[in-house]
Every structure is written in C-alpha cells, then in structure tokens.
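Asks: Given next are the chains, with one letter for each unit.
Protein chains: 2
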Amino acid sequence: MPRVSFRPGDASVEVPPGTSLLEAATRAGVRVRSDCGGRGACGRCIVHVESGELTRLSTRFDLEEGEDLACRSLVLESDVGVFVPEASREVAEEVTTREVEALPEDSPPPESLLKRIGLELPPPSLEDNVADHDRLLRGLRQWRKGHYEVPVGVLRGLPCVLREVGWKPQVTVTVTPTGGSVLNVGNGRSVRPCVLVVDVGTTALKARLLAPGSKWQASCYNSQISYGPDVITRIIHCQGDEGGLERMQSLVVGDVNRLLAALVRASGLAREDVCAVVASGNTTMIHLLLGLHPIWIRREPYVGCSYHLPPIPAADVGLEVNPQGRLFCLPSVSSYVGGDITAGVLATGLSEEAGLRMLVDLGTNGEIVIGSSEFMMCCSASAGPAFEGEGSASGTRAMPGAIDGVWYEDGVRWRTIDGEPPLGICGSGYIDLLAVLLEQGVVDRTGRFQEGSSDRLHPAEGGARLEYLLVPGEEASGGKDIVLTQGDVENLVRAKGAIYAAATVLLESLELDWSAIENIMLAGGFGDKINVENAVRIGLLPDVERDRIEFVGNTSLEGAMMVASSEDSYAAVEAIARRMTYLELSTHPDYMDEFVAACFLPHTDAEKFPSVSGNGGLRSGASSDRR
Amino acid sequence: MPRVSFRPGDASVEVPPGTSLLEAATRAGVRVRSDCGGRGACGRCIVHVESGELTRLSTRFDLEEGEDLACRSLVLESDVGVFVPEASREVAEEVTTREVEALPEDSPPPESLLKRIGLELPPPSLEDNVADHDRLLRGLRQWRKGHYEVPVGVLRGLPCVLREVGWKPQVTVTVTPTGGSVLNVGNGRSVRPCVLVVDVGTTALKARLLAPGSKWQASCYNSQISYGPDVITRIIHCQGDEGGLERMQSLVVGDVNRLLAALVRASGLAREDVCAVVASGNTTMIHLLLGLHPIWIRREPYVGCSYHLPPIPAADVGLEVNPQGRLFCLPSVSSYVGGDITAGVLATGLSEEAGLRMLVDLGTNGEIVIGSSEFMMCCSASAGPAFEGEGSASGTRAMPGAIDGVWYEDGVRWRTIDGEPPLGICGSGYIDLLAVLLEQGVVDRTGRFQEGSSDRLHPAEGGARLEYLLVPGEEASGGKDIVLTQGDVENLVRAKGAIYAAATVLLESLELDWSAIENIMLAGGFGDKINVENAVRIGLLPDVERDRIEFVGNTSLEGAMMVASSEDSYAAVEAIARRMTYLELSTHPDYMDEFVAACFLPHTDAEKFPSVSGNGGLRSGASSDRR
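Going down the list, the protein sequences come from chains A and B. Per the working numbering: the first sequence ends with 786, consecutive numbering throughout. Per the working numbering: the second sequence ends with 786, consecutive numbering throughout.
Intra- or inter-copy, both count: the list cannot distinguish identical chains.
With a straight-line cut-off of 25 Å between C-alpha atoms, the simulated SDA-like cross-links for lysine to any residue are:
(1) K274 to C319
(2) K767 to Q599
(3) K327 to P460
(4) K304 to P469
(5) K274 to S725
(6) K304 to L278
(7) K327 to E459
(8) K274 to P482
(9) K304 to R737
(10) K767 to L671
(11) K327 to Y461
(12) K327 to H467
(13) K639 to R248
(14) K274 to I471
(15) K304 to G338
(16) K327 to R457
(17) K274 to P469
(18) K304 to P470
(19) K374 to R430
(20) K304 to A730
No lab work stands behind these hints: they were computed from the structure.
Sequences are here, hints too, so could you generate the full structure?
Replies: Structure representation (structure tokens):
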C-alpha cells in the first residue's frame with residue numbers, strides 16, 4: 160500500500176489507494192484542521208504535496224500554486240510526501256493543566272460516589288465457615304443494609320487479600336440507593352480511590368480529579384474536531400464511513416485518557432486509584448464516548464440511542480482507569496438537550512427553587528431551560544461553535560493566552576487568560592469585541608463592517624471582504640494576525656440570534672415574557688468571566704435589570720463534580736432529566752421568524768433593547784461595567 | 160532457551176532451564192499422565208529421553224533402563240528429545256459426542272432461562288420521541304413488569320437493528336425474579352438463542368445444548384487431570400506454582416470451549432447462538448472455572464472464595480459464546496458440597512417431598528445429603544476417584560468401550576458401553592467386578608487377593624503383588640491388558656468405606672438409622688446403569704430392601720439442565736443451597752472409627768449386611784439382578 164509521510168515531524172502511514180490526505184493525516188496522528196468534516200466545504204485543510212501522485216477532486220476554493228485541500232486529494236498508488244503549514248495545524252494538541260482550588264490536602268476522602276469503608280471481619284472458623292464472598296457481604300450489610308455486587312474480577316483476588324490484611328480490609332464501593340458495587344478490596348495503601356470528572360464538550364474537554372489534595376484541572380481540544388466543528392459533521396462521519404463511529408469513539412476516549420494521565424501525574428496518583436469516571440456532555444458526545452450509534456439524532460424525529468444509562472464498566476469503553484472502575488454518564492433529556500444541561504440544572508439548583516429561572520448554556524449548541532421546583536421546559540438552538548472560539552479565523556478555546564476580555568479606552572484594549580502572550584480569541588472575548596466594535600460604529604446593526612470607520616479595518620487577504628485586525632502577528636504568540644473577519648461577525652450574529660430566538664419561543668410557548676424570569680443564568684466554557692453588559696448590547700441576553708443576569712461558568716463540569724462528590728446526586732440528576740419537558744424548535748412554526756428578527760445587533764425590534772439601542776450608543780455609566 | 164521435542168508427533172516447546180519435562184509437555188500440548196500433580200508420588204509419567212542432557216531428581220520408583228519420570232527430570236541448557244510411551248499418554252484426548260434423546264425438532268424454543276420475545280414497538284415520532292433504549296424497555300415492561308438491563312454492547316447496535324427490523328425485534332432476555340438482562344436484539348434469524356449446560360467434573364466434563372432439535376451430548380476428560388486426579392492435587396498446583404491458577408482455569412475453559420465447538424457443529428448452530436451457559440460442578444471445579452483462588456478450600460476451616468455467584472458475563476471467563484452471554488454457576492453449600500450436589504437435590508426433588516430420602520453422589524469425592532421438605536443435612540467424604548475410573552490401572556471414564564458391567568456365568572463375563580472393543584473399566588464395572596470376585600472367593604473380606612483362587616490371578620509385572628486379568632491385551636482396544644490390581648481393590652474398598660462411614664455418621668448425628676430413610680438415591684457419572692445388588696454386596700450401599708435403592712444417574716448434569724430449562728429453577732437451587740446444613744466430617748470424632756470399620760467387604764460388622772454376608776455367598780435368586 161502507498162505510504163503517506165507528513166512534514167514537519169516524521170509521521171507516516173500506509174493507506175489504501177483512494178484515501179484522502181485528511182484521512183491519512185488522522186490515521187498518522189497528524190492533526191490537520193478541518194471544520195467541515197472533510198466535505199470540501201471549509202477550505203481549512205490546506206497542505207502542500209511535496210512528492211508523489213494524487214487525484215485532485217474539484218474545489219470551489221481558489222488555491223495558491225502548490226496548495227491542495229487535504230480532503231479533496233486522494234492517494235493513488237505511489238508514496239506521497241506532504242507538508243502541513245502552520246495555519247492548517249490544529250492548535251494546542253497537548254493537554255493543558257492549570258492549578259485550581261485544591262481539595263484540602265490530607266482530608267479524608269471527599270464525600271463521593273465512592274465510599275471507602277474499613278471493615279473488621281471475624282476470621283473464619285469451623286463454626287463460622289461461610290465463603291469469603293459471603294463474609295464480605297455480611298460486613299458490608301452490617302455497615303449499611305442493601306444489595307452489594309462483587310464482580311468476578313474483585314472476587315478472584317479476594318481470598319488472598321482478606322488474609323493479607325488480617326480480615327480488616329479497606330473496601331471501595333460505589334453506592335446506589337439500594338446497595339452498591341464493590342470496586343476494590345485492599346489494604347488501605349493499595350488504592351486511594353478517587354473520581355475522574357470530565358466535561359466532554361464538542362470543542363474541548365475539561366477534567367478534574369476528585370481526590371484529597373488534587374488541585375489540577377486539565378483541558379484539551381476534542382480530537383474529533385478534525386472531522387468537523389459541530390455535532391452534525393461528526394454524526395455524518397459516523398454515517399458515511401465504514402468504521403467512522405469506532406474512529407470517533409477512539410478519538411474522544413483517547414482524549415479522556417490523556418487528561419487522566421496528566422491529572423494522575425500532576426496529583427501523584429495512579430490510574431488504578433481512579434475507580435469511577437463521571438462524564439457530562441451533550442447527547443451526541445455521550446453517544447460517541449460510549450460508541451452508541453448517533454445517526455438518528457440528526458434525522459426527524461431526532462431520536463438517540465439512549466438517554467439514561469446505568470453505570471457501566473469503564474473498561475467496556477476503553478478508559479484506562481482501575482479495571483473495575485465504573486463510568487457514570489449524566490442523563491440526557493433528548494437528542495439535543497444532553498447531560499451537560501441536566502448537569503447545569505443540578506449545579507444551579509434551578510429545579511429546587513420556587514422562583515422561575517432560566518439557564519442559557521452556550522456550548523457548541525445553545526440550550527435553554529426555564530423552570531423551577533414546579534416544572535421545567537427546555538429547548539435547543541443550533542448556535543454553532545462561534546462562542547467556543549471554534550470555526551472563527553482566530554478563535555481558540557478558553558486557555559492561557561486566549562483573549563477573554565476586550566474594551567475601549569483610548570483605543571481597543573484586550574487582555575488574555577493568565578496574561579500569556581495572545582494566542583487567539585475565546586468566547587467572552589468575541590462578545591466583548593463585537594460589542595465594542597458596535598459601540599464604536601465599526602460594525603453596524605446588521606453586522607456589516609463600516610469601511611473607513613477604523614484604521615484597523617482592511618481587506619482580508621485574497622478577498623474583497625473586510626476584516627478587523629485586533630493583534631498584529633508580531634505581537635501574537637503564533638506569529639499570525641489575530642483578526643475578526645466579516646464571516647466571524649456573521650457567525651456570531653447568527654449564534655446569538657439563534658439563542659435569543661429560542662428563548663423567546665420557549666417563553667411564548669409558556670405564555671410568559673422576560674419579566675416572569677427572576678434570574679437569567681448564562682453558562683458555558685467561553686472563559687472564566689463574561690461581561691454581561693456586552694452580552695446584552697449585542698442582543699445575546701435580553702435587556703433586563705443587570706442584577707437579574709448572572710454568569711455561572713462551566714455548569715456542565717460543576718454538575719458532574721456534584722455527582723462525583725455525593726452519593727445522592729446521581730439519583731437527583733436522573734430525576735431532573737425525567738422531569739424536563741423538551742420543546743422541539745426545528746419544527747416549531749414561530750422559530751424561524753424569531754430567528755430572522757434576532758439577527759440584528761441587538762435586535763430588529765430596537766424597543767426590546769431600550770437601554771442599549773440609542774443610536775448604538777452606550778448607557779451613561781456603562782463603562783463602569785467594564786473590567 | 161532450550162527446546163523440548165516430543166515423539167510420537169511433532170510437538171515441541173521452548174522452556175527455561177529448570178523446567179520439568181512434565182511441565183514442558185503440558186506447555187507443548189502433549190498430555191502425559193500424572194496422578195499426583197507432578198510431585199513424584201505416582202510414578203505414572205514415565206518417558207524415554209532420546210537426546211539432550213537433563214538433571215534427574217531422586218525417585219522412589221524402580222525405573223527400567225532408559226525410563227525417566229517426566230516430573231523429576233529437569234531441562235538444563237541443551238535441547239531435549241523425549242518419547243512418550245503409550246502407557247504414559249492420557250487416553251481419549253478428544254471430545255466424544257453421543258446421540259441422546261433429542262429435544263423436539265422445530266419446537267418453539269424450550270422453556271428456558273432465556274426468553275425470546277417478539278416485540279412490536281411503535282416507531283418514534285415527534286410526539287413520541289423517547290430514546291431507542293427507553294422504547295425497548297417500555298416494550299419489555301409491557302410484556303412483563305420488571306427492571307431490565309441492556310448492556311452497552313447490545314445498546315451499540317440497537318438503533319440500526321430496530322430500524323432494520325421495522326421496530327419488530329426479537330429480543331433474547333435472561334429472566335430473573337425482578338426483571339431480566341437483554342442479551343440480544345435481532346431479526347429472528349440472526350441468533351437462535353440456546354443454552355450450553357455443562358457438568359464440570361473433576362475427572363470428566365459432560366455437556367448438552369438446550370436447543371430445539373439438539374440431540375447431542377458431548378464429554379471429555381478434564382484436562383487438569385495431568386496435574387492430578389483429585390481436587391486436592393489441583394489446589395496444590397494453584398498454591399505452589401506461579402500462574403498455577405491461571406493454568407488450571409485455562410485448561411478447563413479450553414475443555415468447555417471444545418465441548419461447545421463439538422455441540423454447535425453437531426447441532427448446526429453457531430457459537431453466537433449460545434446466550435447462556437449453566438455450569439454445575441464441585442466447589443473447587445467452579446472456583447477453577449472462574450479463576451477464584453481455591454487454596455483455602457483445603458486448609459482448616461475449609462473456606463472457599465464464593466459459594467453463591469450472580470450470573471456473570473461469560474466472556475469474563477473466556478467462554479467463546481455470544482459476547483453478551485451469561486454464565487450461571489450452580490451454588491455451593493460449602494467447600495466440599497458444591498453445585499453438583501445442589502443440582503442433584505434439585506433434579507431428584509429431594510427438597511420438596513415430605514418423606515426422608517438420601518442422595519449419595521459418587522464423583523471424585525463422595526457427598527451425601529439426607530433430607531426432605533423439612534430440613535436437609537449434608538456431608539462430604541474423601542472417597543477418591545476410584546469410582547470414576549481414575550487412579551486405577553485400567554480405569555476409564557464412562558464412554559463407548561468402557562466395561563460398565565461384569566457378571567459370573569461359567570466364568571467372569573463383561574460388556575462395554577455401546578458394545579465397542581474394551582478400553583478399560585468404568586465405575587459401575589468396578590463395582591460389579593469387585594462383587595463378583597468377592598462372591599467367587601478371589602478376594603477375601605479384607606480385600607486381599609487369594610493366591611490360587613483363579614487362573615487369571617498372577618503376580619503383577621515387576622512386583623510381588625497379585626493382579627487379576629480381566630481382558631488380555633490382544634482383546635483390548637489399546638492392546639494392553641485390562642487388569643484389577645491389588646492397589647485398585649484397596650482404593651475401591653477405601654472409597655466405598657468412606658461413603659458408608661459418612662452416611663453412618665450423618666445418620667447418627669440426626670439420631671436416625673437406615674430404617675428412617677424411605678429412599679436411597681445413588682448418583683454419579685460411572686455409567687448409564689448400576690447393579691444395585693452388587694453395590695450392596697461390597698458394602699457401598701446398606702443392606703436394605705432393594706426397592707428402596709435407586710440409581711439416578713448424573714444428577715449434576717440433570718439439575719443443570721433443569722436450571723437451563725426453566726426461569727424459576729435458578730432461584731430454586733439458590734434456595735436449596737441456603738437451606739442445606741453442612742456437617743464437617745474431617746474433624747468429627749466418630750468418623751475415623753466408622754471408616755476403619757467400613758473398610759471390609761461388605762463391613763467389619765457382618766450383621767449389618769445379613770442378606771449378603773453368609774460365607775461371602777449369594778442370596779438365592781440374586782443372579783437374576785444381573786444384566
């Protein structure tokens with residue numbers, strides 16, 4: 160079979176003739192950027208073919224001499240040498256770890272899904288000669304009544320362990336309302352049971368270890384990104400391609416394993432210590448993590464394989480934790496309201512309070528929940544990944560070096576996470592930047608750049624459209640200009656329009672208006688903080704009293720942490736999922752009208768945004784809101 | 160590493176220096192006979208070293224020139240060539256299949272642990288858009304209320320399967336009292352669910368498939384035999400040797416897989432059709448099948464790892480059935496009263512009738528149960544494998560060619576199973592032969608051969624002791640004399656003495672005597688039939704009215720068949736195991752006296768056997784009992 164070699168680096172792979180260079184790159188472990196899932200639609204996967212013969216499929220992009228789209232170039236029978244330019248490489252392949260607030264060092268194991276129980280069993284005698292298994296169960300039932308399961312993998316070593324520890328074992332158990340499952344029996348030093356918590360986002364994964372003294376949070380891009388930026392392109396890949404689902408699964412499982420490796424290393428623990436994994440994520444991400452077929456998620460009537468899964472052996476999925484470890488996935492409500500949202504409801508306590516509140520989660524999709532302890536209703540809007548920094552010219556996930564805040568003070572100013580040299584713009588940065596440019600008249604209310612309104616506005620390379628230069632390449636960490644293109648603005652406007660329209664339809668279907676909502680909570684992984692005023696200014700959030708709006712951060716990870724750190728929360732989030740009613744927007748008669756009306760800055764109907772619509776200007780005193 | 164090659168055949172293996180030839184043979188797949196587990200105690204593993212240098216450990220056996228014990232010969236650094244003579248080869252390596260009574264062809268799937276349910280699910284719509292998983296569960300709960308589990312391996316393919324079959328799937332479920340577990344969802348042709356039933360004996364395994372039209376029974380030796388004839392030598396092997404347990408497990412799992420392969424081939428089924436395995440066997444055999452550490456079974460207070468196991472994934476043990484298949488093991492009562500006995504109680508209905516009955520199971524050990532619907536008490540006696548034909552000079556398991564009946568009619572006559580040329584003597588043949596020789600005065604009441612009492616009695620080769628020639632080598636299928644040695648008689652006397660003494664102590668502990676027992680049931684795998692009169696004559700069974708004694712065959716396999724063929728029997732046999740009280744004989748003050756007294760033919764106290772003890776002669780008319 161012909162071999163494809165990639166530069167820089169020394170990766171290469173043998174592939175059958177007819178394989179695209181994009182596919183070959185993925186198989187070789189080379190991460191070439193692609194936003195369309197290899198359908199020739201995004202023009203991102205530009206490579207230079209240095210040697211060998213190929214078949215080039217037609218493309219609508221104007222390519223320079225020597226450039227090819229990796230997805231449109233098919234290997235024939237000869238070996239091929241490929242150079243992947245910087246711009247086509249996926250940024251930040253590696254796991255990023257950050258110190259976060261640590262769990263207290265030397266504290267007892269946290270209140271957790273995992274219980275560690277010190278048992279003192281009576282040694283067997285001729286009078287009390289039950290099997291070791293029964294003796295262990297008797298001890299557990301004396302600790303707490305219930306039905307306990309001991310997998311055969313734990314039983315195998317049980318006789319030796321019980322005698323080694325003199326019948327005083329430390330037993331690690333996951334507790335359920337009716338009993339539990341034994342994950343480990345040891346001597347107290349052999350395993351220090353902890354829980355890996357992971358938010359499996361479409362764009363990025365974020366993980367923590369729930370363990371004493373563990374103070375690290377790790378994040379990485381979702382490696383599936385090379386097959387497309389959103390859930391739809393990933394589902395299409397599972398559908399069109401033999402082995403596509405297995406490939407998607409192995410990519411995300413590999414990501415979780417990399418996060419795990421980084422966290423156990425940073426925390427001085429071992430993989431075997433990780434006896435449970437709690438995963439939140441949207442319905443498609445959980446399907447792909449488990450290898451469940453997702454293709455009917457995108458076809459009417461939009462039905463997934465499973466929304467409620469009991470804990471399953473982590474090894475069945477390929478997670479490299481304790482061989483007896485269990486994987487808990489947060490439950491979904493529907494194909495487009497997933498475990499990330501039920502986690503958010505859990506984390507915010509929305510389902511427990513009498514007052515009516517709204518949760519808006521801006522992931523790659525946007526999901527909205529309205530509810531209280533009385534009822535909950537939810538919907539999903541195809542916002543696209545603009546607010547996650549994916550699919551934009553200079554977008555990045557929220558990581559050190561991401562521009563997460565922009566303001567005007569004798570010019571447009573910005574700052575980055577951890578003060579690192581600028582790498583790109585993350586979600587909260589885009590909200591600020593768009594608001595500032597709107598305020599300064601650089602973009603108009605339709606989202607179009609106003610020629611001559613700023614000396615940073617210039618024609619984009621090779622195109623007639625304008626783009627705004629935020630950071631020149633020489634100041635940027637990648638050496639490349641950090642810009643906002645006209646396409647980026649359009650994406651942002653469509654994304655915020657989809658969210659606002661969805662919220663409007665959901666309110667109307669309940670015969671409510673914004674005044675009924677005591678509290679609007681904005682969640683998402685776009686940064687550590689968000690400027691609420693700017694989110695209102697662009698019309699992402701409604702023009703209500705600002706103290707009714709709150710940024711609640713990554714509630715998907717927070718909710719998963721709650722499940723990990725309590726024996727009751729898994730049952731609680733299951734109940735939340737069953738209580739939520741889903742409103743399907745894609746077939747809703749009003750949605751498209753509301754969406755079109757919302758694709759203005761802030762909205763077609765300026766009266767809806769009185770405080771920010773006066774000639775596009777600022778409310779007096781608004782500048783005090785800036786950071 | 161030095162290579163050891165074996166003749167006849169072309170097997171060879173590389174082993175580290177210091178490995179015994181016996182171990183090398185096992186690794187090379189060459190089955191060399193050994194009754195002591197390679198401890199140099201049995202003198203069975205004689206081989207001829209043809210080339211290479213070895214270290215020979217001392218031995219108490221007088222070996223001929225050129226003979227070596229495989230277990231006492233250690234490989235050094237040179238390659239070794241070994242010849243394994245016929246007498247040192249394990250007989251009948253292959254699986255034997257026999258036609259037995261077939262389940263009705265074209266019948267619906269039998270009443271079984273497995274249910275096959277044809278569901279008609281409503282297709283999803285925007286109004287009814289629950290996940291496929293929930294839709295399946297809803298259908299199952301409409302069929303029958305309960306909690307159903309769908310493993311992730313079944314979920315993965317579920318969306319495609321449900322749509323392929325137009326929402327009318329055939330669902331295979333194992334049913335429990337509270338719900339069940341889904342093993343397969345298909346189109347009705349994809350899997351024809353059936354159950355493999357296997358009796359895992361210390362000497363031999365016997366298996367059937369519970370499937371429509373399946374009429375085959377398969378049996379084979381337990382490959383662990385090369386490590387010793389009884390459970391104790393096998394346990395010692397797990398204890399003394401790194402990896403011993405894994406080796407024992409892989410041998411018996413290999414045996415089950417061979418039986419499975421033979422049965423699915425004979426029945427025209429596929430491995431994937433086998434969705435459940437039901438295994439009975441003594442406690443040690445079940446431990447070794449599952450890979451549970453057995454070493455404390457033989458140490459006071461004789462405690463095993465587990466006696467009650469919920470169904471476990473068959474794949475966890477290495478059984479090559481449907482990947483979702485479950486393994487059900489019959490429960491044990493104690494370390495020495497195992498699932499073979501609880502199966503026997505189930506099969507005979509002993510636990511359900513008001514009248515007091517006794518079950519005597521003669522496997523490699525002997526186990527006895529006395530009980531009724533009121534109570535059950537049981538014990539175990541170390542009878543040794545004499546009645547299974549193992550450990551005797553010409554012993555064989557009950558298979559075509561085994562001599563299973565002997566009588567006197569102008570000389571000693573015999574017959575074989577299926578009329579095949581004689582291969583050796585199985586359990587029922589030994590009982591008859593010993594009774595006939597006792598009747599003819601060839602052995603006396605102490606079990607000693609009487610010199611000059613028969614022209615078939617002659618000194619054993621190379622020894623001063625006598626042996627009885629039953630079939631000369633030229634008439635035997637192996638070309639080797641079929642004999643009864645003085646050692647064989649001693650083994651048989653000890654075995655029957657152990658059984659009789661155990662029954663006596665058990666009765667006395669209940670303050671009962673034989674008159675209280677309505678029915679004595681003799682079970683075991685020693686043949687299809689047994690001559691009850693002869694069993695009484697040698698003192699294996701008590702001298703009571705013959706119509707109170709019944710031969711019930713292999714009740715271990717029968718009980719396992721019942722579990723496989725009913726959804727309630729698994730719960731029933733669990734309840735039986737919990738109800739049985741175990742009496743430990745090894746520390747019982749009376750047992751040894753009773754054993755010594757019973758090591759006569761029929762017994763030291765002739766008054767206990769009035770009908771058969773008159774001058775060692777026969778009751779009149781007794782010959783009509785012969786077959």
